[in-house]
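S.K.: Here are the chains, one letter per residue:
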Amino acid sequence: MLKKGLLNSVIVKEVRHIFRDPVSCLLLFLMPALILIIFGFALSFEIHHMNIAVMNPSHNVEAERMFAKIEANPKINITQRIDSVDQIDAAFAKDNTRAVIVYDNGVEIFIDGTSPTLIAYMEGMLTNIISEFWAEEYHAAAFDTNANAPQIRYIYNPSLKKEYMPVPGLVLMIFILVSSIVLGTSINKEKDQGTYKLMRMTPLTNFQIIAGKSIPYFLISFFHVLVVYAVCLLFGIAIKGSLALFFCLCILYSLCCMSLGLLIASLCDRPLEVLILCWIVLFIPNVFLSGFIFSVDSLGFPLKDLVSALPGTAFIDAFRGIAYKGTGFNENIGPFVILITETVLAFCISLVGFRRKLPK
Amino acid sequence: MNPVEIHNVTKRFGSLTAVDNVSLNIGKGEIVGLLGANGAGKTTLIRMLCSLIKPDGGDIQVEGRIGYMCQAYSLIPELTVHENIVFYGALYGLDKEVVARREEQIASLLQLDRYLNRQVKHLPSGWRQSLSFSIAIIHTPEILILDEPTSGLDSLSRRRLWKMITSYAESGTSVLVSTHYQDEAYNCGRVAIMNTGHIIALGAPNDCREYLC
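Quick mapping for you: the protein sequence lines, in order, are chains A and B.
Residue 360 is where the first sequence ends in the numbering used here, and the numbering goes up by one at each step.
Residue 213 is where the second sequence ends in the numbering used here, and the numbering goes up by one at each step.
Quick caveat, the hints were computed from the structure, so don't treat them as lab data.
Quick list of simulated restraints, FRET-style, between CB atoms: (1) A:Ser44 - B:Ile53: 47 to 53 Å; (2) A:Ala309 - B:Ile53: 33 to 39 Å; (3) B:Lys121 - A:Asn206: 23 to 29 Å; (4) B:Ile53 - A:His17: 29 to 35 Å; (5) A:Ile340 - B:Leu116: 42 to 48 Å; (6) A:His17 - B:Pro124: 30 to 36 Å.
From the three backbone atoms N, C-alpha and C, an ideal C-beta is built for every residue, glycine too.
Construct all of the structure, not just a fragment, from the sequences and the given hints.
M.R.: This is the structure we're talking about:
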């Protein structure tokens, strides 16, 4: 017969083990809390805030009333007014514009087709408001709202190819995996084996050790970018903007992921801790909150402002801008500044961390 | 001046004083054994000597290049024996020809010839220790610091490693070797016995016999 005391001993040991082991605590408490917050509160297919541009070249009074009705919706903000259809591209390049409404012999709605998860919601919301407007203007029965329904045009992805959506997210995940997680765990494996300590005994500087370890991972992740680029071409998704700027963005994001991986490695002792922390701090937030799957516009305050500082959000924004919309450096200066700042900061802090915290 | 001079060195970790006001000199070609139980402060003293951590007080003077062999093997398991030697030789700034010559000398001295193309992860622990030792001496250091090199080895491997250490010291290299095997003290010219961060005895092994079991 099982003695009660024996079972209790194992239970007590396990409870102590859980609370004294940082890895177990991260997995058992931080990970579920993060998942609960992300999926329970943060993410939805609803849009909380959407910037649009409008065009009313004939200065029609009815159009202005329609725009006022649209802007009365708390979820919509008219941030730009344009005068000609030639300015539509420029309008989409600024202020994270999701749609452009043109009132000129009927109503046309241009919707950014590169974010398929948003399209149905945006289309539904805008057409409903416009239908309501017509109904109010012409007192319902006298006006055929169906015949006057706005024309919808999907810009940048007119045929709504599904391949547009996963590409930036794939690159984002590859970089986090190769540049952050594998590099970070590899550095801590080096600490574990004692080779890091021995390398510190040679004339090598800390910077040289880290750079020497990072360059192969950088090349591997860049190889994956080339593969993704080749796959894009295969599916007929051409890079609309500057190819050089596109690769600059990929290199910068790769460096940013490396710096963040190094920062985490400098704070941890064991490779497993790096792996789990990278997963919790980098992978989950960047994949789920960066706008790759769920739109950033679906997040409420203050999460929306916080996630805009994520490297993944900056990367996805700039990727869609350069690759799909053909925007240049000036339009993407914000994401570039975020990535450069985070790269430099994380790298400098990690250097200090590696210098201060030598393996035991 | 001795190749290694340690004057009144202290190191604290929070409220714990790991090394407390320790002084020790090592002469040319001398083997000094650092003995003590686990936690006595041997590894901390060695890490300060290797400049891996800074002392909180006191002064350490080292004249010459240091070869270091730490408790962990510090080898790259995925690389072969030859690749490990070449890698560390390059890190010490040695030319390819010099590394090749040193590898040949060391391999024949330590009988590593037949394992040169074997991955380190497939090497028996005694040979890993020999390789670790060969990496510590690849750049012909004037000072050799060995942190518990015989830990976990069988008696045959321990004897072989001590033979290597003794023959290397005979060429004029100063050696500081830490161990918790008290019988190994008799392989050293002098021993320093550490307890709770202090050197409680320093001298020839026979003079410190009362501290050795």
